[in-house]
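Using this note's numbering, you'd call the opening residue of the sequence shown number 1 and step up by one each time.
Worth flagging that the hints you see were computed from the coordinates, not collected in a lab. None of the values given here were measured: they were computed from a predicted structure. Think of the CB as a built atom: it goes at the ideal place given N, C-alpha and C, for glycine as much as any other residue. Hints should not be assumed to be uniformly reliable.
Label pairs and their computed distance ranges (CB to CB) [as the list claims (entries may be wrong)]:
id, residue 1, residue 2, range
1, Cys22, Ser109, 37 to 47 angstroms
2, Thr152, Ala64, 38 to 48 angstroms
3, Asp59, Arg119, 33 to 43 angstroms
4, Ser109, Ser131, 16 to 26 angstroms
5, Asp86, Pro38, 11 to 21 angstroms
6, Thr99, Thr153, 11 to 21 angstroms
7, Thr153, Asn62, 37 to 47 angstroms
8, Met96, Thr152, 15 to 25 angstroms
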Amino acid sequence: MTGVTASPFEVQASMLFSTQRCKGGEGFSGFVNNERIPLSTSARRIYGKSTCCADLLFDVPNGASPLIVECQGKVVHDDYDSAISDSDRTTALQQMGFTVMPLTYRQISDRANFDTVRRMVARQIGVAYRSKNSKEIRCEIDLRRNIFIDWTTLGR
């Protein structure tokens, strides 16, 4: 892991993105979890807070906009007030030059959906994506079997 996370969903996304390809992940490096971002004056006006935390903040080379992947879990983001707050937060961060990509559990838990997501992230962080070979696919299936479990049963 690349820092403290706030939910199992963030851990799962982080593991899929950061684990080496030979172990089933994407091998994307250069991101941190829950990075505190001080907001500019205009961003504070939009969002109403002085800081926020990025679930996964990718450092993007060549002066491109840093990528923030926001894990939109149902527990935290499932009501009207949360939707409005998320929208204000996204606008504030975009105003400051960040690219914000909302990510749902369905987008990472379904392998076909995640294929689209991983290619989008690769493009945003300036990495040429290459399809996985048969060994890497088997490792990914194994990684997914190990991380998409009922986390309430761990340690029992």
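Quick rundown of the hints versus the structure:
At roughly 22 angstroms, the beta carbons of Cys22 and Ser109 sit outside the given window of 37 to 47 angstroms. Judged by the Cβ atoms, the range 38 to 48 angstroms given for Thr152 and Ala64 holds: they are separated by roughly 39 angstroms. Against the hinted window of 33 to 43 angstroms, the Cβ-Cβ separation of Asp59 and Arg119 comes to about 19 angstroms, which falls outside the hint. Take Ser109 and Ser131: their Cβ atoms lie about 20 angstroms apart, and the range 16 to 26 angstroms holds.
About 19 angstroms separates the C-beta atoms of Asp86 and Pro38, a value consistent with the hinted range of 11 to 21 angstroms. Between Thr99 and Thr153 the CB atoms are about 36 angstroms apart, so this pair departs from the stated range of 11 to 21 angstroms. The hinted window of 37 to 47 angstroms between Thr153 and Asn62 holds, with their beta carbons roughly 44 angstroms apart. Distance hint for Met96 and Thr152: a CB-CB separation of about 37 angstroms, inconsistent with the stated range 15 to 25 angstroms.
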